[in-house]
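In case you want the letters, here they are:
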Amino acid sequence: MSALVEAEHLAKTFVRRQRGGLRQGLRRGLRPVRAEHRAVDDVSFEIAEGEFVGYLGPNGAGKSTTIKMLTGILVPSSGRVQVAGLDPSRQRVELARRVGVVFGQRTQLWWDLPLRDSYELLRHVYRVPAADAASQLDRFVDLLDLGAFLDTPVRQLSLGQRMRGDLAAAFLHRPSLVYLDEPTIGLDVVAKAAVRRFLAAENAEQGTTIVLTSHDLADVERLCRRALVIDHGRLVHDGALADLVARLGSGRTLVVTTVDPVPPIELPGTEVVRTDGPKQWLRFDGNPAAVIAAVAAAVDVVDLTIEEPSVEQVIARLFAR
Amino acid sequence: MRDQNHPESSRRADPSRAKLSHMGTLRLDLAVARAAFARFASYRAATVAGVATNTFFGVLLSAAVVAVARQRGEVSGYAEQDLVTQVWVMQGLLVTIAIWGWTELGERIRSGEVAVDLQRPVDLQRWWLSHDLGRAAYHALVRGTAPFVIASLLFTLRLPTDVATVPLFVISVVLAVVVSFGLRYLTNLAAFWIGDVRGVVRLSMAVWTALSGATVSLAFFPDRAERVLRWLPFAPMMQAPSDVWLERDAGMGRLAPIGQQLMWVVVVLGVGRVVQARGVRRVVINGG
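These protein sequence lines are chains A and B, in that order.
With the working numbering applied, the first sequence corresponds to residues 1 to 321, in that order.
With the working numbering applied, the second sequence corresponds to residues 322 to 609, in that order.
None of these hints come from the bench; they were simulated from the model.
These numbers were taken from a predicted model, which means no experiment stands behind them.
Backbone N, C-alpha and C fix where the C-beta goes; we use that ideal spot for every residue, glycine too.
There could be a bad hint or two in this list.
[As the list claims (entries may be wrong)] If you want the footprint, here are the derived chain B segments under chain A, 3+ residues with CB under 8 Å:
#	stretch
1	343-350
2	353-364
3	430-436
4	441-448
[To be verified] What follows is a list of derived Cβ distance ranges for each label pair:
#	chain 1	residue 1	chain 2	residue 2	range
5	A	Glu-221	B	Ile-515	42 to 48 Å
6	B	Arg-348	A	Glu-8	36 to 42 Å
7	A	Asp-243	B	Arg-348	45 to 51 Å
8	B	Val-587	A	Gln-91	24 to 30 Å
9	A	Arg-34	B	Val-491	50 to 56 Å
Just chain B, same shape as in the assembly (with noise of 0.2 Å):
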């Protein structure tokens, strides 16, 4: 009698379905993004408590920067409301690009989880692309925003003068997750073959944190270590952004660095892609 609604045409999985459109797959992308936004706005105390930390570490950072910039005066064409400007922007960045890095597709590796992901009519780096930029949506809105508005009761902060900053901005943001992801997903990778990625996460996390602009800004290494620091895929995540926020350069130059972005983004998400394919061919189902 159920059998009435649905007529046995639709019941099996026809050719013609089977044939996607983009948008579906636009829409599937939305959705798991969407979920994963929920996700991570369900885990409520760890959002006050993350602002809290972001907050306290962003003053404590602009206070150390306002008396080197006091004592030097401007660091290679950053001045002190720069200098300032850039703590915050970077303590919005940190957690949402994950640079405390993320190890959930490598514990699912691990656990045999991840069968659960391949038995599903999806690729996995694009499941997992989209389930991170609905974390970094999350992050960015709440994490992201809530330190910098709250710092700008105590420093003068600098706002951007074009309004062309402001999607230009965005869109380097959401490139520095890409570049992230691309990069966390390979270390995840790993465990496909060594089984626990939680060293060489940790390992990558120190490398990133040192050489990304996020702990000292790029501005203070000598110049030509800054040069070359600059065409690694960690300032594309870090001093990039800020430096689009802070319209470091005029003109067409502002497109510069959102052009090491995409470059990095094309290598990481293609080197991803090459080492996924190696990895799921000789992949082992731990735990039964």
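Bound-form chain A, shown alone (with noise of 0.2 Å):
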């Protein structure tokens, strides 16, 4: 199968011109300083058709600057890129055809007009027929729940009601790429659940190929069979997440109340981090079913709860070693 995102060597920089104090713009004659920023620096890599990729890295790392690339926004400082055949930057209308974009944080409704008029309006944008772009809002309408609010205007939508808006807007022309940038970012855990159930439909019953950026290891880890790895700009693993993880261990935390203190529990393969009362903060790595099994043989348990490390951990780890 051949690939339908390309990119070779990708690099952009970007140019800031500093105004340093006085003493420095006497020395330097009152030029700003011109400081240069490698947001992408050398980043290769192919996406296949139909295939759903995590692309992770902390704030900076270059996320964004890739996927405006990719989406023809941004021109590359240098590299090449390919998608769908077309080159972005100079046949990014072309392209956008083909292409839906999600940015989390921002929003391609109209905020002042009901939700079901942003989808009549972008049936036009994308020349989708009417009976077409109906039938696509009906399968939205059931997979994300959307029938309450359609007649709402968006501004008075909540953030979850309002992502999952974004997303139906971004799938109702059938794309063959769909970029998401943060989608489940500030959405509660039953929204993002929603949104990643349907991510996972569109992808699995659509063959749409799916490029997710993510704070959220949860839904790289649910979602995503590949994961692209960046930090400062260059890019430092691709494969399965599943590798990436067991390298580094996912370094959850199990978070153990007891119905009496007890003093720190002692298990092989976990490490207690910290105690509070009755609470202990166990970080261990592998399977959470055994290590929970073994807490629960091993004192009183009231309650139990797993926090999941940030992408930034992971990565954080990825470097520490």
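Reassemble the complex: the two chains are provided individually, in unrelated frames, and hints are given to aid placement.
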């Protein structure tokens, strides 16, 4: 299968002009200082049709910059990028017909109009036949539970509702490729679950290729078969997320609350990192079920919760080795 | 199971659909304009306040021009009734051509929201022009006509004597909006270079208000200044439609202001395209 997305030695350098203090200014003759920032530095990868790829990295790692080069909004400083056989920055408009994008912190919905009106407009933007758009919308109403607020102005929607609305907007024209930039940011557990279900279905049933950037490791673990990890503009991992986690250990934390305060729980493969009265925090790698069973057998448990490590923590560990 | 209704052939954007018919583009323009119309119609309080403001200032300005006309008789060939009518035509045009400014695109460039606009398969200028025409249609129909109707109860306003004036006036108002859009679009594109456009927009508004005939009709300017001002892009936004309504020129001469408007439409939209192409290539999306 040919690659849908090809990036070769892709790089983007931003030039920032900084004005120094007075002393520095006098020394340099009041010329602003030019500081170069390599947001994306020599990144190469391919994405095949139908893949669900996680694109991970800490804040400022270059995730959004890469995606904007893939959509053609930003022009690469060097390297080559091709998406669906097109050069994104030169054929941006043509490419945009086949692509859907959700920038989690922005919206393409019309703020002052009922949600439904945005879909009516997008139908014209992407020239989707009316009947097709209607059947797509029916599907989304069902999968994303949009029914209750289709006729509500977007500005009155909750963040979770708006995000579901934005997702439907990105998929309405049956794009071959969808970029999702932090689609679950700020959402509660229920909304996150709905978004994940929807994305998994679109990928599996419709064959839509999806590239997802997220801070939430759980998003990526549940959805993506492959993860690209970027840090300081460089690609540091390309492969199954499971490999990355296995290599580094997932580093989850089990929070155990016992009936009465007990001495730190000692179990092989775990480490108590914090205690607070009847609460203890156990760091562990490996199978959570086995750890939970062992803890339950050792002490009288009132409550158990698992804290997932953030992508930052996993990546920090990647660099700690 | 849901796939049954969606054969694979329609799933992917096939090349034949990528070849766009002009009809499809026009339908999109209309859809954008309709949405913009609905958007501005949703600001009800602003509409009521706006009509009241236009009416209030219209009465003040009418009193002023009546006083001048009674003292001087005619002003550059405008009789008292013409001058009063002009005040009210212009009160309707002010918000229709958005003389008090528009910074939406500039703000979107500054905040990075423009990324959303750029990932649509549409031309940025065409999108915002359609949007502005939809906005202007709402403002013309509601905020444009209401003060005129109210004023016609207070003053004897001049109505066209020739039927052809009505379509000519509509064409002239549309062209006025397009010229104004073209200039506003340019000032907003400056955001690609300077970040914050509010200062530029405010300055340009001051110039327009002074030189378009909006506050003081060009009739009150000295003859030579008036001749020069009619060739600048400001008169086409205010003075031109107003002169068409007043049937200032006879015969083919009535097309002269429309000709000047057309010339400026070509210039401002053309320059806008060149500047847009440069701006988009150097875009830095702010805010990640």
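Closer than 8 Å, Cβ to Cβ, for at least three residues: run that test on the stretch 441-448 of chain B against chain A and report holds or violated. Holds: 4 residues of the stretch 441-448 of chain B have a Cβ under 8 Å from chain A.
Holds or violated: the stretch 430-436 of chain B covered by chain A, criterion of 3 or more residues with Cβ-Cβ distance under 8 Å? holds (count 3)
Within 36 to 42 Å: is that where the Cβ-Cβ distance between Arg-348 (chain B) and Glu-8 (chain A) falls? This hint holds: roughly 39 Å between Cβ atoms.
Between the stretch 353-364 of chain B and chain A, are there enough contacts, at least three residues with CB-CB distance under 8 Å, for the coverage claim to hold? holds (count 6)
A range of 24 to 30 Å was offered for this pair. Does it hold for the Cβ distance of Val-587 (chain B) and Gln-91 (chain A)? Check passed, 27 Å falls within 24 to 30 Å.
Outcome for the supplied range 42 to 48 Å, where the beta carbon pair is Glu-221 (chain A) and Ile-515 (chain B): 44 Å, holds
Does the hinted range 45 to 51 Å hold for Asp-243 (chain A) and Arg-348 (chain B) at CB? 49 Å, holds
With a cut-off of 8 Å between beta carbons, are at least three residues of the stretch 343-350 of chain B near chain A? Holds, because 3 residues of the stretch 343-350 of chain B bring their Cβ atoms closer than 8 Å to Cβ atoms of chain A.
State, for the Cβ atoms of Arg-34 (chain A) and Val-491 (chain B), whether the hinted interval 50 to 56 Å holds or is violated. This hint holds: roughly 53 Å between Cβ atoms.
Of the numbered hints given earlier, the model fails none.
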